[in-house]
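Chemist: The primary structure of each chain is shown beneath.
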Amino acid sequence: MIGRLNRQGWPNLLFALPFLLVYGWLLVYPLLAGMGLSLNRANLFGGARFIGFENYIRLFRDATFLQALGNSLLFVVMCVPVLVVLALGLALALNRATRFAAFMRSAVFASSVLSVTVMTIIWRQILAIDGGLLSHGAHAIGLPALPFLSDPNLALPSLAAVTVWWSLGLPMMLFLSALQQVPRSVFEAAALDRATPWTVFRQITLPAITPALVLVTAYECALQFQVFGQPQLLTQGGPNGASRPLVLYIYETGFNQWDIGYAAAASQMLFALILVAAFVPQLAQRLWRRA
Amino acid sequence: MTAVALPGVRGRQLWAWVRIAFCAVMLALVLAPLLWTVFLSFRTNIDLLRQAPLDLHGPYTLDNYAELLRNQTLFRWFFNSLVVSTATVAGVLTLSSLAGYAFGRLEFPGRNWLYLIVLAGLAIPDQSVILTRHQIFSDLHWHNTYRALILPGLSAPLGVFLMTEAFRAIPRAQDDAARLDRANSLATFWHVLLPQTVPALASLGIYTFLLSWNDYWWPLISATRPAMYTLTEGMAAAQSNYVEVLGKGVLMAEAVVAGLPVLIVYILFQKHIVSAVTGMVKL
Amino acid sequence: MRRRVFLTGLAALSGCARPDPRPTITVQRIFGDCRAHVPKGGAPTQNINGECEIITGLLDRFEAENPDIRLNINTVAWPGYDQLSAQIAADDAPDLVTMHMAVIPDYQIHGLLTPLDAGLKAQGVTPDQFTPVARRAVTMNGEVYGLPFDAWTQLFHINMNLFAKAGLVRGGEPVLPRSAAELLDQARRFRAATSKPYLVQSAVNERAAYARNLYTYLLSAHEVIFPDPHHIRLNTPRAREVVGLFKRIHDERLTTRDLDYVAATTAFINGEGGVYIVGTWMIGNFDNEAAQPGRPLYRGYRVKPYPALFGDPVLPAFVDGHAWVMPKKARTPAQERAAFRLLKFLSVHEGDWTRSGHLTSMAEVVGDPVYQAQPHRRDLMAITSYGQGLPTDVQRQFAIQAMLSEELAAAITGIKPVEKALIDAEHRINDMLTNLS
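In the order they appear, the protein sequences are chains A, B and C.
With the first letter of the first sequence counted as 1, position 90 gets the number 90 in my numbering; the numbers rise by one all the way through.
With the first letter of the second sequence counted as 1, position 119 gets the number 119 in my numbering; the numbers rise by one all the way through.
With the first letter of the third sequence counted as 1, position 303 gets the number 303 in my numbering; the numbers rise by one all the way through.
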């Protein structure tokens, strides 16, 4: 009996078992339980009652939720392209062995090792209308200071800018590493052909880093849909909900209003959104190739 | 030696200027907020309260830092973060390398199905399971403990994916050789294969450390006693709390003190961190 | 296996080395952390009448006077309820918590709080010692669920130096408006004379102040804000009038704009405006400023109740209070006794606490000459009798306050029309209240 189990390789499963247990217990089960919870009217202190899909119907009639959903999408649209372009630009500019380039790479990456909470303390002192660095700058050149965190048109873009500043390091590093895998001889040959920088970029660089580009875009989309700390600490979602993303909405609904079944339903929407976001770039790449 | 070669002297010069200008602007954008914070942390609270703090002539003070030293909580939070992040890294590396070995190297029934299920987990955001996760730990009465802060981090499937790929990349001939020496699978794993995955382990370790160090929402709802706060969470409490008492200068000093150790570690181990991070794409 | 050993090692590192036989009780409070300038057993080195300084000193004193009890003090950021909810859901609640009286119903309805009557009585504290307002606010189904610690309300904090400049001081008293039109008129005169805004307001990330302004002037008109515990009524002519006034003030730049709470407080201290609408808790801090030569508030700080502006049938004051509550959980009899002894101590020292500027919640103190001799108290004392709160059977009052404030801010800053904001607020709040489980 034991011999047969051994031959089939059952003992080998033991290596994977510790992870599988934790994975099942703390990721798969909570996901399924969350789906179940979303079908209930329940508060933080129990009292769940099955109500079918009522929470989901309620969500799509809830202007605050729809606004948060829109904000999340908008945030990703504002954040990710800028992040990718700037990170790629930096990677192209810093892909060299000078001391300055090394220093600059460190400086850019350094900001992304700061905690989100430290980062928001720093940026409040930049953006605040009273005594913020930018308002000092504006006064110095005779312009009025802008209420970056309290104007409905500026709040979300400000959060996006802050997020770009904070997250630039990792994509830059990934692009650099992709660039370094392109053999130097290819560029040298292009130089001999007197190719323009744009041609070199289009013909050599871009194809070489496309996989990294897709990876970074997908990763950042998924990541930025989960934005929470920045709005929670800098704007509390205001003004008028203009900077309240989905995750902040879930947090407030769950822990502020105790409406945990409803919050669970909103969590499922987040899950669906990220599922889409993570696969769209890959899909786009496939279609692109086929076209 | 330029990476991107150019035609003609004029084109090259133009490109060089664009590059320099871009770098200069980016450098200013990256550094200005950090320097501004350091600058504010050396101003007196009264100064920050009363007047425009743009006067570069001072007065400067170390009072904010002195006050920090009198308030020990920051160091407690720092210790908590260190414990949680280190333990999370240790746990993730252990679980992921074992599972990666199983999925990448061994045969067992249902392997491919299980691996697929693990991969599917890559798309599950932590934020969407956090409510029910909170209930699990509530039922166990485990909140406000280190294990509650550590365990959720161990359920992330990214590490298993990376390690499986790393184990797959090692030539087959090596474990065949080990098998000839009658080594069992554990010994093969430990002596022959694991040492070859060190670069992957390093990447995963550093990534996990940063993720865990910066985690905010889970500690926020799990560690509700200030003595159990992580640094990230504590700094959130500090910025909401200073409203009532601490001056702005102290808050700035806290930001500097909370940010500095990470920066120092980063600068010291920069080479390794960079190669580890870039290693992730190569996997 | 290694991980296991590692974790056990960590647990050993972090755990207490020797057990303490004394009962330990966990006290969770808001009001900030100021340990750095309140030495144990000594006077605060600054701002002696600040909320944080007083409560820190009081709890130190209790520990010193009761060496047989150990206190474990959690200081949490205002208002602390997200955290408390997470703790209670985790069955890991503190023994005593500061709680706004308006929030007590949320927890009481779910049976999460311990009734205090018997325990307090054993310590000689009975409900008839509380003011009627406080007593009503902490009593549910005939039982007391919180020890009242103060009564607070928002007030007009006045920079008399600027008021004098604007000719708004008569006989040493600040001249306050008696109607909305008069307010606008005075505010314009104030701005012309001082080139500063009349009002200082916390407007950014503000989860409370706007809602409290509206409650104040709705209650003073006998408006029924909550027709039943699951519905709010906001879109009324009166509400539109009140919000319209604040919008007008904003539009005419008669108020500061875009300031958050810290910035608004700083602006007032720096003499950047005439009237700061904020709570009783700032009185101690501002008096401290007024005592320091050279500062803009030096010898020029007064504080007054909201003036009646809309022909209000009763004087306007929306009152709430801080209380101490005891979440339900398993306690040893020794811990229970210790917790009640602390409650008794806090009740006895309510007078020390109210030096911060809060109004008293103890009937006896109201008439106490020592209490009344403190600055401003004569101007404010009457509020303890005429101030009104919201019905105690309405749940989620803090979530309501946050939603309402967000909508009102949108109306006042012109992001949406007043009527639409009121309707949206009604909608959001009713959606939450009708879906309570």
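Rather than coming from a laboratory, the hints here were simulated on the basis of the structure.
Every residue gets a Cβ at the ideal spot worked out from N, C-alpha and C, and that includes glycine.
Be aware that one or more of the hints could be misleading.
Said to hold, decoys possible - Pairwise CB distance ranges, derived in the manner of DEER restraints:
id, chain 1, residue 1, chain 2, residue 2, range
1, B, Pro171, A, Gly3, 39 to 45 Å
2, B, Leu119, A, Ala272, 15 to 21 Å
3, C, Arg331, A, Gly52, 39 to 45 Å
4, C, Tyr386, B, Leu69, 26 to 32 Å
5, A, Val276, C, Glu63, 18 to 24 Å
Chemist: Next, verify each hint and record whether it holds.
Modeler: Consistency of the hints with the structure:
no., hint, verdict
1, B/Pro171 x A/Gly3: 39 to 45 Å, "violated (30 Å)"
2, B/Leu119 x A/Ala272: 15 to 21 Å, "holds (18 Å)"
3, C/Arg331 x A/Gly52: 39 to 45 Å, "holds (41 Å)"
4, C/Tyr386 x B/Leu69: 26 to 32 Å, "violated (49 Å)"
5, A/Val276 x C/Glu63: 18 to 24 Å, "violated (56 Å)"
In summary, the numbered hints that this structure violates are 1, 4 and 5.
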